[in-house]
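Engineer: Following the hints, position chain B against chain A.
For the protein sequence lines, the chains are A and B, in the order given.
For what it's worth, our numbering labels the leading residue of the first sequence as 1, then goes sequentially.
For what it's worth, our numbering labels the leading residue of the second sequence as 1, then goes sequentially.
Simulated from the structure, these hints should not be mistaken for lab results.
Certain hints may be false.
[Said to hold, decoys possible] Taking CB as the label site, the calculated pair distances span: (1) B:Pro-314 <-> A:Leu-9: 55 to 63 Å; (2) B:Ala-51 <-> A:Glu-131: 22 to 30 Å; (3) A:Ala-89 <-> B:Gly-145: 28 to 36 Å; (4) A:Trp-130 <-> B:Gln-258: 31 to 39 Å; (5) A:Gly-170 <-> B:Ala-233: 56 to 64 Å; (6) B:Gly-104 <-> A:Leu-316: 35 to 43 Å; (7) B:Glu-210 <-> A:His-75: 31 to 39 Å; (8) B:Val-82 <-> A:Val-158: 19 to 27 Å.
Beta carbons: idealized from backbone N, C-alpha and C, even for Gly.
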Amino acid sequence: MTARAAIGLAALLALLIAAPALLGGYGLSVLILVLYFAYVGQAWNIMMGFAGQLSLGHALYAGLGGYIAAGLYFHYGIGPWLGIFAAVAVAVAAGSIVGYLGFRFSLAGVYFALLTIAFAEFTRIGFDNWEWTGGSGGLFLKVERGVVDLANLRGGPVMFYYVILALAVGALVLCRLLLESRLGRYWLAIREDAEAAQAVGVPVLWCKMLAIMISAALTAVAGVWNAFYYNNLFPETAFAMGRSIEMTLAPIIGGLGTLFGPFVGAVVLTGLGEIFTAAGDRLDIPGIKQIFYGVALLLIVMYRPAGVWPWLAARLGFAERKP
Amino acid sequence: MTSKINFTRRGLGRVAAGAALIGAPLPLRFASAQSAPANLKVGLILPMSGAQALIGQMCKHGADIANDIFVDIKLPVKLEIVTYDTETKPDVARTQAEKAVEAGCHVLVGAFDSGQTIAVAQVAEQKGVPLVVNIAAAPPLTESGYKFIVRNFPTAPMLLASAFDLQKQIFAASGVTPKSAVLLSINDTFGNAMVNGIKAMFPKAGMPYEILDIITYDAGAKDLSVEVGKAKASKAEMLMPICRLNDAKLMVQEMVKQRWEPMTINPGTPGMYEQDFIKSMGKYAEYTLSIQPWLNPKAAMTKILEKHHKAKFPGAQIDIDAGFTFEAMLIAAHAWLDAKSTKPDALMASLRKTHIDDHVMVGGPIEFDAKGQNNNIKGTALQVLKRNIAVVLPKDAAEADLVFPQPGWTDKRRT
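Isolated chain A (complex conformation):
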């Protein structure tokens, strides 16, 4: 990292730490969304951006994480910081099953993507009929006004903001360390040519399994945060295909396989979303946001196919090492 990039990063972090004092409730809620999508995008990026495995069912891990931690808190009063271990364990187990079935039997590309969708779908149907999680009627956590209880993740937006900021920064650091590690280099080799990597002795199956397990674990943590922030979970939304697609957008738009791509993508997407929402409200034409949004994404993909961040980094002199 260049000195210039380090200074820029430190300034950005300082700004983010000070953000609750500078922004109102609406601005903060938008920033929370940015950080959430940056974080889950980072988790998904490990699978697709680093290891080259397309998952379109990542809502499975977020949903499982959220439901397990929220269910333990709701039924037994077990706080989320303990529940998170169970949540991560269940998500990693689910990821291992998906991964083993896919990688062991050489399902690749769209076939592996279909497998991930299928798992998310039948988990949704299962949760629709599981009374412990409230079934299709949903699971609701109690909201308490004026409480700030970090131990039980009960509190207002400012507390949740700092938690998701810490998670996002933590995921960035973790991904940086992973990329620098031997495992990270193996992933990149597999992404570029799995057969060649296998030929030179890279344990392909094991590396892919680690990618999906780490990605599932990180996504499950996001699910826990999400469940306690929104205080309600419905199978129809928690495991929805749309939710999985949302997780992929930030890294794709920002720059697949880059460290800052998910952050930049989340800023661009959420920012555009809010601008187009405001335009739609002003014009009083329902749904116009989606049209603008679609056109904007199309233009970005057409003119910046490698993502916004590599182009932006080159302009700012922050060029990230190309993985």
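Structural biologist: Positioned in the frame of chain A, the structure of chain B alone reads:
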């Protein structure tokens, strides 16, 4: 002595001006209320795009005509209603609620769907801004100890209890009681919730029939021949369809094809009272019976609502979405009238003691219990008669006579 009155133009003008001055205060007062700045800013948070866009837009119709109706009913309040689109997503609902509060909305109204409403409720609770729930049936909304919420919509158990009660009324009024029933249900979140609710409440409801089978079908089904065939084979005397619009059409088409003519009562789901169903199914939509909360056709305010709705949205059907959303606006307006303030605590205190006798939906006065729930909303039995929806029960709201059991598919009464 005789007196002579000269009717000059000037004199007549003076008399007219005097009469106007004396007689006009009320209309002038209401007119000035409408031309004056708004008394209360309401953030209407609805799914205006996404999967629930159509419903959200129908809800908005009720809000769009609220101020016009207030003029007609001489309610001296003007609302500034700002709409916020949730895109049918809870996370967007939350940011939109934050935006509404920052924009200075004194009251929030919304949000049709329980997940989105809970997301809005959290913002309302944290910011201390009152939320009037127009439509959302999940019980936790008023069971979670929220202090800034009132809900003018029945909970899911209330809807089902009302469905069972009205079925008994239908059997009593017609003198025909089925001994057996079959449920034919869409297999989605809503369908599952209904089926589970019926399973839970049926044993205690004291119904005169037994449920022989529960048959479910996929939400994307394009053909229901097998399911309808299976339901027919159960030899149940009554069908309870749990459906949405498109599958309701498929179901009736298949029943006609298979010449299956059971008594049919929709226990509280959409589809069979919707305009599109009536238009496309023609004579086969006739006599369809659904149980729903509905507009009270005998209430004076409903007639005013219908008049304005017809004028502003010609060709659009008015239903519970517009009805309950209008009532949410009415509740907010009454709260402001009582509080004479836009301060959240004062408005909330007024909302808690709401008592509105004259409103549009069937049921008793609008009032809220300690948890913020209106328990006075009643279900109605709706029947399609001559291509229109008519309330046939309860009797005090009925505008037409019940026809039950429904005539066969080839009966001459179907035209």
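Engineer: State the violated hints by number, sorted upward, taking the hints as numbered earlier in the document.
Structural biologist: none
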